[in-house]
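*Asks:* From just these sequences and the hints, can you work out the full model?
Residues per chain are reported as follows:
2 protein chains.
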Amino acid sequence: MTAMAMPTVQVLHMSGGLGEKSFANNSSTAKKAMMRVKPILEEGVNKMYCTNLPTIMKVADLGCSCGPNTLLLVSNIIDIVHETSLRLNVETPTFQFFLNDLFGNDFNSTFKSLPEFYRTLKQDTTCLINATPGTFYGTLFPANSIHFFHSSFSLHWLSQVPNLLGEEVKIGDDDKGNVHATSIFPPSYAKQFKQDFKQFLRSRYMELVPEGGMHLTFLGRYDTSEYISMPGLILVALNDMVSENLIEEEKLEHFNVPTYFATLEEVREILKEEGSFFSVERLESVKLSWDGSSLDEEGDKRFKDENERAEFITRNKRSVFEPICKAYFGEGIMDELFLRFKNKVIQFLPKLVDPLLVISLTKIA
Amino acid sequence: MTAMAMPTVQVLHMSGGLGEKSFANNSSTAKKAMMRVKPILEEGVNKMYCTNLPTIMKVADLGCSCGPNTLLLVSNIIDIVHETSLRLNVETPTFQFFLNDLFGNDFNSTFKSLPEFYRTLKQDTTCLINATPGTFYGTLFPANSIHFFHSSFSLHWLSQVPNLLGEEVKIGDDDKGNVHATSIFPPSYAKQFKQDFKQFLRSRYMELVPEGGMHLTFLGRYDTSEYISMPGLILVALNDMVSENLIEEEKLEHFNVPTYFATLEEVREILKEEGSFFSVERLESVKLSWDGSSLDEEGDKRFKDENERAEFITRNKRSVFEPICKAYFGEGIMDELFLRFKNKVIQFLPKLVDPLLVISLTKIA
Chain A
1 MTAMAMPTVQ VLHMSGGLGE KSFANNSSTA KKAMMRVKPI LEEGVNKMYC TNLPTIMKVA
61 DLGCSCGPNT LLLVSNIIDI VHETSLRLNV ETPTFQFFLN DLFGNDFNST FKSLPEFYRT
121 LKQDTTCLIN ATPGTFYGTL FPANSIHFFH SSFSLHWLSQ VPNLLGEEVK IGDDDKGNVH
181 ATSIFPPSYA KQFKQDFKQF LRSRYMELVP EGGMHLTFLG RYDTSEYISM PGLILVALND
241 MVSENLIEEE KLEHFNVPTY FATLEEVREI LKEEGSFFSV ERLESVKLSW DGSSLDEEGD
301 KRFKDENERA EFITRNKRSV FEPICKAYFG EGIMDELFLR FKNKVIQFLP KLVDPLLVIS
361 LTKIA
Chain B
1 MTAMAMPTVQ VLHMSGGLGE KSFANNSSTA KKAMMRVKPI LEEGVNKMYC TNLPTIMKVA
61 DLGCSCGPNT LLLVSNIIDI VHETSLRLNV ETPTFQFFLN DLFGNDFNST FKSLPEFYRT
121 LKQDTTCLIN ATPGTFYGTL FPANSIHFFH SSFSLHWLSQ VPNLLGEEVK IGDDDKGNVH
181 ATSIFPPSYA KQFKQDFKQF LRSRYMELVP EGGMHLTFLG RYDTSEYISM PGLILVALND
241 MVSENLIEEE KLEHFNVPTY FATLEEVREI LKEEGSFFSV ERLESVKLSW DGSSLDEEGD
301 KRFKDENERA EFITRNKRSV FEPICKAYFG EGIMDELFLR FKNKVIQFLP KLVDPLLVIS
361 LTKIA
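First to last, the protein sequences are chains A and B. Mapping of the first sequence onto our numbering: residues 1 to 365, in sequence order. Mapping of the second sequence onto our numbering: residues 1 to 365, in sequence order.
No lab work stands behind these hints, which were simulated from the structure alone. Given the structure is predicted, the values throughout are model-derived calculations rather than measurements. Hints should not be assumed to be uniformly reliable.
[Claimed, not checked] Examples of chain A residues toward chain B, derived with CB under 7 Å:
(1) PRO115
(2) ASN130
(3) ALA131
(4) PRO142
Just so you know, even glycine gets a beta-carbon here, dropped at the ideal spot from N, CA and C.
*Replies:* Structural data, given as structure tokens:
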């Protein structure tokens, strides 16, 4: 597998619109995850707010995607600050939000839902919503201008497919049916992630006001041979299609998914290296099964059987990964690919758990 | 004709995308007009810039629409400031642009063209582009946050269809084939315009930094019986279709185009009433024929004959007015409507001239 010379910025976006396959209609997993880490978000927002008490509070959501979660974050933050303002007996600030995602993101859908969203706000709330398209691995805002950054389910996307350093990515399951994470994420990917994440942290450091805060969640990986990643499983499904001559082997060899799922330790190491920029308030990981449930909910009754659960997972993952697969392989094989993917999901179901990394940072003034 | 109880904010947008009928592909008339008033824009930008010399210059374009003109304004302003910075031997500021239009505007198209646009900028230029969807007849930005506002071809759109005060709008041409402007713009429309324009000025006054500037151009009308307006001519075409039973009379009676074309005198009067907010640097009108040419270019060779010229005009006006007609009458009659419109254009061609009102204001500190 060699490098595909296409920066992520040009092809990556969630499936737009409001249709059956859209991200908007398949983002309940992300919502569940957001709810679970909400206490940490509250803690972060309150720390920043109580320290700075801005009259205009500027918040940016990086990798906002499209769909209902985008505005859920906005109302969550408004609610947190409202409540704290009441408690402190200070006036609620004017909110200015900046929704960021790559240039191809479907912002139009979000904008069309704004009139309805504005109607749901309390009468005395002034909330001004903007979009800021572009890559967050670089400058998006003027220096010292943002009070709080949020980013959810985005930082595991790399800025570009790395130059592979003579490495070979081993596709396919081994004798035991395992898909080794290491074969999907070779050292060049780790290097690219480190470079990207540092670039991200430095850009945000410039843009944050002193004592500004940041709440980040993204997918990590477990460093065990048991762990199966989403890009790994899609490559296995693609590899099966190569075996059956539905895809040319050479074509697959040049396909790369520009993601890296870091371990908690790797992230801790990077944050240590950038220690002069931020104080780390929280760095933890939460177990998240692919259907969005936490492990103690495993017996949840949303699904009749494993097939239904696998269908749910597949719709969800498809809304995220289809654009990048389609751009490379063409629309024609998408249904076949995700049917096979679903069967792989059923096969590996109990193993399909990711660590969701949760980080809370404060800019060192 | 009675009021249609639909706020402009929900239905008005230019035709999106990049297709044959899109505004993006039919906005050369607006571009020509922009070029003609560029010296006044330069004057306004330079006055604000030399007075304030901001290190971060925040500019908002209100009613940016979609298509190439949106980013043309951005590069025009950057060029003006670059040149002046060189002359003054000061560092060029970081630019933060806010592109505003109603919620239904096609921002996605503009965003997709940004990577290419950013590549055309000088290497040392930092230009951060945002979108701010919403109506400009209200708050869009925090107080004291914007250095310069631009608005082109937008302020003749009303915030809503006014409550008609027992007036009747006379549709149709008189004996001489004239379409009287007064019959299209009854007093309630004038009242609504005045209310909207004052709301606009007050909102911008709050949002501008002290000594901030504003450059506005929008369509006005000549106060003569000879003058034919675009909404007037579309109503005449619709009325013909009523005569031939292609549209129900009652249906047309409830249709309203939420625009008002003010006279220069009306605008002067409103600015005088709001005199404590702004000093008026410029208030003038430029003759603009419907094909975008100034009158001395009337012999321009873009068009083979009157039919070609009328087709050009129709495509242009259709990209602006079709969404609002379609929302009310349905897609089915649009081709027929604009064919008739084109024939009316041919019939009245020499009379199809609007005054483009050009206003330059500075916020009184």
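*Asks:* Each of the hints needs a verdict: does it hold here or not?
*Replies:* Hints versus structure:
Annotation: interface hint on PRO115/A holds; nearest CB of chain B at approximately 6 Å, less than 7 Å. Interface restraint check: ASN130/A against chain B, minimum CB-CB distance 5 Å, threshold 7 Å, status holds. The closest approach between the C-beta of ALA131/A and any C-beta of chain B is roughly 4 Å, which is under the 7 Å cut-off, so the hint is satisfied. At about 4 Å, the closest approach between the beta carbon of PRO142/A and any beta carbon in chain B falls short of 7 Å, and the interface hint on this residue holds.
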